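Work out the full structure, taking the sequences as your base and the hints as a guide.
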Amino acid sequence: MTPFELAEPKSLKEAVGLLDADDPTIRPIAGGTALMLMMKAGVFRPSKLVSLGGIKELRSIAIANGELKVGATTPLAVLEHSDEVRNHAPVITRTLRTLSNIRVRNVATVGGALAHADPHMDLPPVLIALGARVVVQGKKGERTIPIADLFAGYYETVLAKDELIASLIVPAQNGRRAAYLKCTTRAVHDWPALGVAVSLATEGNGIKDVSIVVSAATETPRRLAGAEKAAQGASDEAGWRRAGEAAAEEAELITDAQGSAAYKKQLVRVHVARALRAALGAE
Amino acid sequence: MRPARGHDGISVMATRTIGSGQVGRSVPRLEGAAKVTGRADYVHNLRLPKMLIGKIFRSTVAHGRIKSIDVSAAKALPGVYRVVTIDDIKAVIPHPFYGPAFHDQPILADGKVHYVGEPVAVVLATDPHIAEEAASLIEADYDELPAVFDEIEAMTSKAVVHDELKPAGTFPDLKHLKGKKDTNIALDFHLRRGDTKKAFAEAEHVFEHTFRSQQVLHVPLEPFVSVAELTETGLTIHTASQSPSFVRIEIARLLGWPENKVRVKVPYLGGGFGAKLYIKLEALVAALALLVQRPVKISLTMEEQFYTLTKHAATFRIKSAVKNGKVTGRDCEVWWNGGAYADIGPRITQKSGFTAPGPYDIENVSIDSYSLYTNLTPAGALRGFGIPQLVWAYESHTDMMARSLKLDPVDFRRNNILRDGRAQATGTAMKDAAIEAVLDRLALRMNMKAPFDRGTGTLKKGRGIAVGFKASISPTTSIAIVNIAADGSVTLYCSTVDMGQGSDTANAQFVAEILNVPAESVKVVHPDTDVTPYDMATLGSRSLYHMGNAVRLAAEDAKAKLAALAREVGVPEGSNVPVAELFQKKYKMQAGNIIGTGSYIPNYVPPDANGLTPDATPFWMVGGTGVEVEVDTETGHVKVTKMINVADVGRPVNPRIVETQLSGAATMQFGFTMQEKIEFDGGQITNASFADYKIPSIVDIPRTMQNEAVESEQGTGPFGAKGVGESGTFGVSPAIANAIEDACGVRLTELPLTAEKIYRALRTAQGKPLED
Ligand SMILES: Cc1cc2nc3c(=O)[nH]c(=O)nc-3n(C[C@H](O)[C@H](O)[C@H](O)COP(=O)(O)OP(=O)(O)OC[C@H]3O[C@@H](n4cnc5c(N)ncnc54)[C@H](O)[C@@H]3O)c2cc1C
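Order-wise, the sequence lines are chains X and D. In this text, residue positions in the first sequence follow the working numbering: the first is 51, and each later residue adds one. In this text, residue positions in the second sequence follow the working numbering: the first is 937, and each later residue adds one.
Think of the hints as simulated: they come from the structure by calculation, not from any bench. None of these values were measured; they are calculated from a predicted model. Built from N, CA and C at the ideal position, the CB exists for glycine as well. Misleading hints may appear alongside valid ones.
As the list claims (entries may be wrong) - Listed below are several chain X residues computed to face chain D (Cβ distance under 10 angstroms; list not exhaustive):
id, residue
1, Thr52
2, Pro53
3, Ala91
4, Cys233
5, His239
6, Ala243
7, Ser285
8, Gly289
9, Ala312
10, Tyr313
11, Lys314
12, Leu317
13, Val320
14, Arg324
15, Arg327
See below:
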C-alpha cells in the first residue's frame, strides 16, 4: 500500500463534491471490508478515499409509507438485528445471518454490499427478488435505480464515479413470501457457488406471482423470466421441479473455482425447486 | 443453532496416573494464560533498534534462466535502503545453498528460477509499505525453459529441474542420497521382501488401484517470520522455527563459523505443522544482516506461505494378491511430487515409503517410492509426513477389495492385521503397536456390526473406517538439562519447540513426576541455542518420546545427585528433609545448583540393498478413524455427521492434550480430505489466498467428534508414552471415501472429495455422465 489522501466529509452533498467522474483513483469508502482487500492486493491504488463514515444522515432504518428505507452506511449487523427489517422482510434477516461473519457484518455497510457488485454477494439477489431500489445522489441531484438494473457486469455498476448510493428502499411485501438459498461448494462459510432468491404470492395452493433470481453462478444477479413463467400456478413437487428445470435451461452459468458450469446447472435445477418449496413454507 | 459438540473424552485414561501423580494428569497447558491474555512472546512482535524490513520479489515463471533483473526503479523509490540479489549475498556467503537432504536451495535465485514464487530479490527499508511498493517495481527478464509439474511426468520428462544435484550429507539416515543426474529423481527407495511374482501367480484375486493426493498447505496462523541481528560475538537469529539446532548448524556451515557464534532463539510458535523446519527465512535474514550490518526482519504474508512449502501431492499405485481372504502379496509404487527443492522429501519417500503396504501381515511385498523434483513450490513435512497420502490409498484399496469379495470390511482387516511379533515390510518385528486394539475399539464404537439406517430419498447415509500406522524417524538425538536451584525450584532446558502441541506441559510433567513436585511449578526454558542443548527438531511426533526420554534421564540424574547431596550432608536415605535444607546444609546459605543431564538416541539399523532392516524405528504410531456420512445425491454434498478417532499413543501423559491432538489432527486432515487444494495453472497458483483456499471452520467439521486412546504402553517410551501429534490424521481420508461409497455406491480415488466430483461420479454410475 502506498500513501493516499483520506477525506472525511460530514454530509452527503459534500461527499459527492469530493468525487470526480473522470478519476478512478478517487473512491468512496464505507466499511472498507471489500476496498481494503483490493488495496492490500494492489489491484486498487487510490489517490484519495472519501470516507462515508462521518455522514450521520446515511445511518438510519425507517418505515415510511409502508416501505423500508435504509441509509447507505448502515452496518449489515444493524440491519440483521433490526425489528423493522425482520417485520418487513424476514428473508433479509435470515440472509444476513449467513453473509460472511460477525466481524465483517459489524463494519460492512448496505451501500458497500450493493456498490461492490461482486456477483457472489448475497444481498443483491434477495433485494432484486423483493423489488427493491436505491436512491442515488449525484452532483446534479438524485435518481432512483431498481436494484435489478444496478449491475452492469462483473464488479461493475451503472453508477457514475461521482455518484453515491444514499439509501435502499424495499417496498411493502403485502404478505408475499420469500426465501434465499446460498449454496457453497468449498466450505460452509464461503462465497456462494450459487445464490437463489425467490419471492412469491400465493393463490390457493399455487404460486401466483413469483420472481426468481440467481446469482454467483452468473455474471450478475439475474431474474429468470422463463423459470418464473414455469413456476406460475405450481403447487407441488413436480411444479417446483419444472421451474428448476426451466431455470437450469435459462441461466447463463460460469465455470470458476467453485464449480463447472455443467455442475452449476444441476445446482440451479435443484436449488430453484428447493427455494420455491422453502418460500412456500416460510413466513 | 447447532447442538453442542459431543466430547466423550478419554475417561479411560484420565485415571491412569502413576507414582507422584504428575504423569497421566490433565495438567492445564502451562502457557495457556499467557496466550489467551496476549502476553506470550512471538517473533512477529519483535522490533529492534535500526531494524530493516525485507520484502521479497518473486519469480513469475516456473522454470527459466534469469536474463536480467532491473532493480533501478526500486532503488530510486525514496525510503528504500537497499535492493539485494544473489550476487550481493555471495559477498557474505560464497556458497549460498542449503537444505536438509540436498544443498539445492539458493538463498535467492541463482541464475535460474525453478518455480513461480521463488524469491529472486529483496528490498530493504525501515517502512514495510515502502519495501513492498519497491519490490513491485522490480522487473526480471527470463529465458523460459520447459517445465514439469506432474509427478508421473517428472519420472520421464525431458524437462529436468536441476542441472546439478548436491547431496547434503547432514543426517545419518540420508547419508546414502545421491540423486540421479539428468533426471528429476532425488531419491528412489526400493524394498523387496518375499516373492511377489509368485504371490500374484498363485492368487485367487488380484486388485489394482491408483490414488492421488493433492498439494495442500500447512496454514499456521502465524506465517513464517525471522529476524537476524549482529552482536559483538556473532549473529543472533530470532525465528519461528521448529528446528533451532538445525538452523544453528546450517547457518554456521553457510558462514564457515563455529556453532557458538550463531545463536538461535525461538519463542512460541503460532503453529508449525512441519512447515517451519530446517531453513526457511533464516539464511536470508542472516545474509542480509551481515550485508547491511543492521538487524533485518522478514515476515511473510499469508499469501506468501503458498510459495514457501506445501504438502506433497502423491500418486500411489497399489496392487494386491488375495487368497482365502488373506492378502498374500502387495506391490506399491509411490511417486511424491517434491516441487522445486528437495527439502525433506527424500526422507518422506523412504521413511514413510516403507510403510506403504499398510498395517497388514503380508508375506510378499515390493515397494518403489520416488522423490521427484517438479517446477512447483517445494514440498516438505506436513503433519503425518507422507503417511496420510499412503493410508488414503491402502485403506481405500482395502475397502474396495472387501466390497468386491463380499467380505465384511472389519473382518477382512482383522484377518490380515499386523500383530506384535510379526515382521513388517522392512522385516522389523512389530512391538508395542496396538493395531488390532485400535481396529477393535473403532469397530465397537462405530457399532459396525449393528444394522444401520441408510437414509431415504435423495439423502443417503453410509459409514466407513480406516486404520493406518507410522514409524517414528530414526536415529535422532535429544538432550535435556534439569536444574534444581537452592530453594528446590526446578528449571528444564530443552530445545523442543512448543508450537501449540503442549510440549512444555508434557516435559514439565516428566520432570515433576520424577522430582515429586507439581508440574505447574516447573519452569521450561524455550529454545535458545546459547542456553538449551541440542535437539534434532520438533517434528514427526518424535519429541514426547525422544525428548521425553532425555528429560526423564536428566531428571533422574538430578534426583541421583540430590540423593548424593543428602548423603553428603548426613541426611538419612528416605527422609523427607526439604531440598532447600540440603543446599543450606552444604553451602551454609541459599546457594548452589544441581544440574542433571540426559541424552537420548535410539538404536537403528539402516536398510540393506533390499530395503530391509531388523530395527527400522524406535516406536510405531497407530491411528484409526470411523465416520458416518450423509450424501445429498442431487448435489453431491457430503456431511460427515459423526467421527470417531482412536489411536495408540502408549500411555497418555496428559489425557486432555491427547484428546485435542487427536481431534486437531483429524480436523486438519478433514480439511485436506473435503475441501483444501492448491490449484495450479501452468505452475501458477490460482488460489493463493484464504478467500479461495478454504480451510475448515467450526461449521464444516463433524458435529460429533469423539477421540479415544486405547489401553497401551510403549515399553521404551518415557513412562510408557509415545508421540500423538499425527496419529489422528491417518484414517480420516479413506474412512470418508469408504463411507461415501457405502452411502451412494460411488468410489472416489482423488482428493479432495468435493461435491462436484461426487455428483459427477453418481451421474457416471447412472450412465449419464455430466459434460465437462
Ligand atoms: C472475509 C469476508 C467474507 C465475505 N463474505 C461474504 C459473503 O458471504 N456474502 C456476501 O454477500 N458478502 C461477503 N463479503 C463481502 C462484504 O459483504 C462486502 O465486503 C461488504 O458488503 C462491502 O461493504 P463495505 O461497506 O465494507 O464496502 P467498502 O469496502 O467500503 O466498499 C466497497 C465498494 O463499494 C463502494 N461504495 C461503498 N459505499 C458506497 C456508497 N454508499 N455509494 C457508492 N459506492 C459505495 C466503494 O467505493 C467500493 O468500491 C465478505 C467480505 C469479507 C472481507
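Checklist entry - Taking 10 angstroms as the limit, does the beta-carbon of Lys314(X) come near enough to a beta-carbon in chain D? => result Hint on Lys314(X): holds, closest Cβ of chain D at ~9 angstroms, below 10 angstroms.
Next on the checklist: Does the closest beta carbon of chain D sit nearer than 10 angstroms to the beta carbon of His239(X)?
Outcome noted: holds (5 angstroms)
Item to check | Cut-off 10 angstroms, beta-carbon criterion: hint that Val320(X) touches chain D | outcome: holds (5 angstroms)
Next on the checklist: Quick check on Ser285(X) please, does its C-beta sit within 10 angstroms of some C-beta on chain D?
Outcome noted: violated (20 angstroms)
Item to check | Hint validity - Arg324(X) Cβ closer than 10 angstroms to any chain D Cβ | outcome: Because about 9 angstroms separates Arg324(X) from the closest Cβ in chain D, which is inside the 10 angstroms limit, the hint holds.
Next on the checklist: Interface hint check: Thr52(X), Cβ to nearest Cβ on chain D, cutoff 10 angstroms. Holds or violated?
Outcome noted: holds (5 angstroms)
Next on the checklist: A closest beta-carbon separation below 10 angstroms is what the hint needs, so does Pro53(X) meet it against chain D?
Outcome noted: With Cβ-Cβ at 8 angstroms, under 10 angstroms, it holds.
Next on the checklist: Under 10 angstroms is the threshold here; is the Cβ of Ala91(X) close enough to any Cβ of chain D for the hint to stand?
Outcome noted: The hint holds - Ala91(X) has a Cβ within 10 angstroms of chain D, the shortest such distance being about 8 angstroms.
Checklist entry - Taking 10 angstroms as the limit, does the beta-carbon of Leu317(X) come near enough to a beta-carbon in chain D? => result holds (6 angstroms)
Next on the checklist: Under 10 angstroms is the threshold here; is the Cβ of Ala312(X) close enough to any Cβ of chain D for the hint to stand?
Outcome noted: Check passed: Cβ of Ala312(X) comes within 5 angstroms of chain D, closer than 10 angstroms.
Item to check | Residue hint Gly289(X), partner chain D, criterion CB-CB below 10 angstroms | outcome: violated (17 angstroms)
Checklist entry - Does Arg327(X) pass the interface check with chain D, least Cβ-Cβ distance below 10 angstroms? => result violated (13 angstroms)
Comparing the model with each earlier hint shows violations of hints 7, 8 and 15; every other hint is respected.
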